[in-house]
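Listed below are the residues making up each chain.
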Amino acid sequence: MAQIELDGIQRIFRLGDSEVHALRDIELRIEAGEYLSVMGPSGSGKSTLLNLLGLLDRPNAGHYHLEGRDVTTLDADEQARVRSTRIGFVFQSFHLVSRLTAAENIALPLMLAGVDVAERNTRVRRALNDFGLAPRAHHKPEELSGGQRQRVAIARATIMQPAVLLADEPTGNLDRSTGHEVTELLESLNRSGTTLIVVTHDPTMGERATRRIRMEDGAIVSDAAAPRELPA
Amino acid sequence: MRPADTLRFATRAATAYPVRTALMMLAMSIGVAAVVVLTALGDGARRYVLAEFSALGSNLVIMLPGRSETGGFGLGNLISTTPRDLTVQDAEALRRAPLVERIAPMAVGNSEIAFGGRLREVMVLGTTADYLELRRFRMAQGSFLPAGDATRAGSVAVLGAKLRDELFGHEAAVGRMIRLGDRRLRVVGVLERSGQGLGMNSDELVIVPVATAQNLFDTNTLFRVLIETRSREALGPVQRQVEDLMRLRRGGELDVTLITQDAILGTFDRVLLALTLGVAGIAAISLAVAGILVMNVMLVAITQRTAEIGLLKALGATGGAIRNAFLVEAALLSLAGAIAGLGIGHAGAWGLRIAFPVLPAWPPDWAVAAGLGTAVFTGVLFGVMPARRAARLDPIQALARR
Ligand SMILES: Nc1ncnc2c1ncn2[C@@H]1O[C@H](COP(=O)(O)OP(=O)(O)O)[C@@H](O)[C@H]1O
Ligand SMILES: [Mg+2]
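Quick mapping for you: the protein sequence lines, in order, are chains A and B.
Residue 1 is where the first sequence starts when you use the numbering used here, and the numbers rise one by one after that.
Residue 1 is where the second sequence starts when you use the numbering used here, and the numbers rise one by one after that.
The shape of chain A in the complex, shown without the other chains:
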């Protein structure tokens, strides 16, 4: 049993009379600890797939098993609980709450999960140190650089120690070298066991993943393991 199992997933958006098949008959198995990149032209359904994996969206047909459990049938509150404990999101535009400090932004998932203040503070402090953000703990997002903002967002996404980290163009708003740093940060999290799924436009970033998925028009057109030195 794989960590993520998608079977016959369809996602259709209806806009007036026209229908958009954002996802067509998706079959996908992802093992725990894998590092996937999802590439493809704009509008091919990459974000829709990621939202579905993150339980922000429901398919029109098909089944999604996460860690052996059929999560498509869960109600909204149960899905929220799964998001809270098993899934971390990283967005292109960071999505930090502007009135809260870096530390408070990182603490948000803990607060929403009802973790007590003492435990929260310890974990946030550890995260701030791990991500090199300790000197910026009490700064508001507008006082941080793009790279620092994305690091705060990643710290926030991982503070609940999720099983799966979903990143939708995490370097899209960053310059090359900062983007590279963020990629390395995500990869180090993957090395410590978190499944990492990255949607990206950037071929060099996509190439780094150990498994690459290519999407076109809502379908997976190629799914390849990285050509690497196989043991003889």
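Do not rely on the hints blindly, as some may be mistaken.
Derived pair list, reagent style SDA-like, types lysine to any residue, alpha-carbon separation capped at 20 angstroms [claimed, not checked]:
1. K140(A) - S93(A)
2. K140(A) - A16(B)
3. K140(A) - E112(B)
4. K140(A) - E104(A)
5. K162(B) - E112(B)
6. K140(A) - R8(B)
7. K140(A) - L258(B)
Derived from the structure by calculation, the hints contain no laboratory data.
Model the placement of chain B with the ligands on the given structure of chain A, informed by the hints.
Below, chain B with the ligands without anything else, positioned relative to chain A:
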């Protein structure tokens, strides 16, 4: 999400948008201040009137000639339109009623009073010795009218405090002879200052034996008869006893009207309470307007913070947690506005008390509680719709908004 965290989160959100918060607090505070000031005014008026009438003393039944003043349309009304005289004998006969404590007949008129060179118009009250106790008056000097036969026209007079000052200045009044109309009377006492009551200012009154007053005005009838009962519970029975006695004396026809102080007070109380409630209702409308403003402000807040709501959902917030956060925010803003309004309202009531010192313009407790309660209630009520809308937002679309 823990309640303490919800509260902290909502507080942070409320203080992060000072203009919006100020606007909402302003609307709420105007509503609450209106309730506080207007009810202070209404209740002040009510208390003022009650205090005036309470000066009469309790356990009082007032008898007046004629049957016309209050309801009771019967055969008697058709037969006799002009009432028979209400006499001193009638009043004295009432002493037989067992639950009656005191009886004071009243004959009232205007005359001229003179002492030395000074002369002035004066209101004359003819009554008996019981009047002093019945009205809970006290003597400043000398004694009140002597007890005894009410039909005897004694040549004595008791002066109100202000009248005494005007006629005698620094001289002693007791024992001196004054002229009242065409009679010479000896001053036996002076009342302590007491003020308004029963529509006459007792400080400017001259009180004489009832028969003396009737002679002076050349009349047989009385203006009123005051009847004090032994207890509050006796008011009803005494009223019936008096009616029976009077009917007996008039050959079966009742041609007097009996009023209890309770009835008068009750009427005023009801009228003025209704007035206060009406005014409070009008003020409450401004609270409803504030509520609608709260709703709009919260809807704007949700539009501004759509992306944040989407994010919170992505981070694992349930719809309920988001709804609570926005509800608490609306409640907090309303509460803050209500407290500000309470301050403004109390300041306004204080201003009223300064401007109109006779008016005890204190906002009643119920109005303060109702104002606060209504404010928070409307805030929450009108916050529910926006909060539920926030909770139902689709996270993907919400996140797509920047
Ligand atoms: N909420 C929506 N309503 C209607 N159409 C949508 C919605 N979300 C996505 N789509 C459509 O679905 C397709 C896939 O979108 P998306 O997954 O965002 O593509 P990508 O991330 O690969 O650029 C596009 O044609 C897009 O227009
Ligand atoms: Mg996309």
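Quiz item: Are K140(A) and L258(B) close enough, with their CA atoms no more than 20 angstroms apart?
Solution: At roughly 79 angstroms apart (the allowed maximum being 20 angstroms), L258(B) and K140(A) break the hint.
Quiz item: CA of K140(A) to CA of E112(B), is that 20 angstroms or under?
Solution: violated, 88 angstroms
Quiz item: Within a Cα-Cα threshold of 20 angstroms, do K140(A) and A16(B) meet the stated pairing?
Solution: holds, 12 angstroms
Quiz item: Does K140(A) pair with S93(A) here, judged by a C-alpha cut-off of 20 angstroms?
Solution: holds, 16 angstroms
Quiz item: Taking 20 angstroms as the top limit, are the C-alpha atoms of K140(A) and E104(A) close enough?
Solution: holds, 9 angstroms
Quiz item: When you check the alpha-carbon spacing of K140(A) and R8(B), does it fall within 20 angstroms?
Solution: With a Cα-Cα distance of about 17 angstroms, the restraint between K140(A) and R8(B) holds, given a limit of 20 angstroms.
Quiz item: Regarding the pair K162(B) and E112(B), is the alpha-carbon distance no greater than 20 angstroms?
Solution: holds, 16 angstroms
In the structure shown, a violation is registered for the earlier hints numbered 3 and 7, in ascending order.
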